[in-house]
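Peer 1: Whole structure, please, built from the sequences with the hints as guidance.
Chain residues, written in single-letter form:
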Amino acid sequence: MNEFFSMGGYALFLWPAYAVTLLAIVVNVYTARRDLDRARTEARRRLASGATGDAPSVAAAASAVGGQP
Amino acid sequence: MDWTWFHKFGSPPHVYRLAGLLTPWFAWPAALLILGALYGGLVLAPPDYQQGDGFRIIYVHAPSAWLAVMIYAVMATAAGVGLIWRMKVAHAVAASCAGVGAWFTVVSLLTGMLWGKPMWGTYWVWDPRLTAQLILLFLYLGFMGLRASIDDVSRADRASAVLALVGVVNLPIIRYSVEWWNSIHQAPSVMKMDRPSMPFDMLAPLLAMLLGFSLYFGAVLLIRLRAEILRRERNASWIREELT
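Order-wise, the sequence lines are chains D and F.
Residues -15 to 53 (the working numbering) make up the first sequence, in order.
Residues 8 to 251 (the working numbering) make up the second sequence, in order.
None of these hints come from the bench; they were simulated from the model.
Even for Gly, the Cβ is constructed at its ideal location relative to N, Cα and C.
Misleading hints may appear alongside valid ones.
[What the hints assert, rightly or not] Chain D regions said to be covered by chain F (calculated; three or more residues, Cβ under 8 Å): (1) -9 to 5; (2) 20 to 32.
[Stated by the list, open to error] Sample of chain D residues at the chain F side, in silico, Cβ under 7 Å: (3) N(-14); (4) A8; (5) A16.
Peer 2: Structure follows, in structure tokens:
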């Protein structure tokens, strides 16, 4: 087991390389999911406050009259 | 030819739902491939005859470097599609790519430094391959900075798309830097025309890692894209049906 972790003397370089890669993998999944949760919460909050939702969107209204949104 | 499918990809609610359905189909195979490749690369693969166990850094370095470049290609393609066909969803894809791409560019640089120190005797040299990869990081940061500095979303989309497209010239420079110039960086062992210069038990974990990382990026991109679409479509009526 010790032999495995010593990696033939390269442990000092190899394990940090694996650690930083693992960190990137975990952080990117975490932030992506957190952003989606936040965007959902924000959208629900807007819907609940009646800010929008029933009425057609500004973008849809603009394109309906042929303008650029 | 029937172009309905193309128009469907321009429809935010359609893409939002499709992205949600597809995410697990990318995430689970990615997790299995990466875990399998980890075991294959750290345990099953034999030590290299020159680099000993140090060569095993390749199993995190090469896939990160591959992602850094592949994500840029995806980002620039999406930005180009958004620019040409004025497709908002395509711009949303490009915007969702940049952060992940920047992360893995940093990882490729750091793991490369950690590999370079024991093998070359230095963490960093101003070598063509290394310099081009550093420029890739600046392109990602420039893309994100430009987007952040423009309040109007559609103007930010167009400006950042132009930057992304200009930056594409850097991709072949990264790819061929080790052949055009006398680079300290080793030549490709897998992505070349003739047979890969590796035995199977070294090569298989690397290929699994490359595929695993690509699928992993697919899953992350789909999640980020859904968040991006929700933020952009904050006033659209389909969101009510989707969230209640």
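Peer 1: For every hint, state whether the structure bears it out.
Peer 2: Going through the hints against the structure:
no.	hint	result
1	-9 to 5	holds (count 11)
2	20 to 32	holds (count 9)
3	N(-14)	violated, 13 Å
4	A8	holds, 5 Å
5	A16	holds, 4 Å
Checked against the numbered hints listed earlier, the structure breaks hint 3 alone; every other hint is satisfied.
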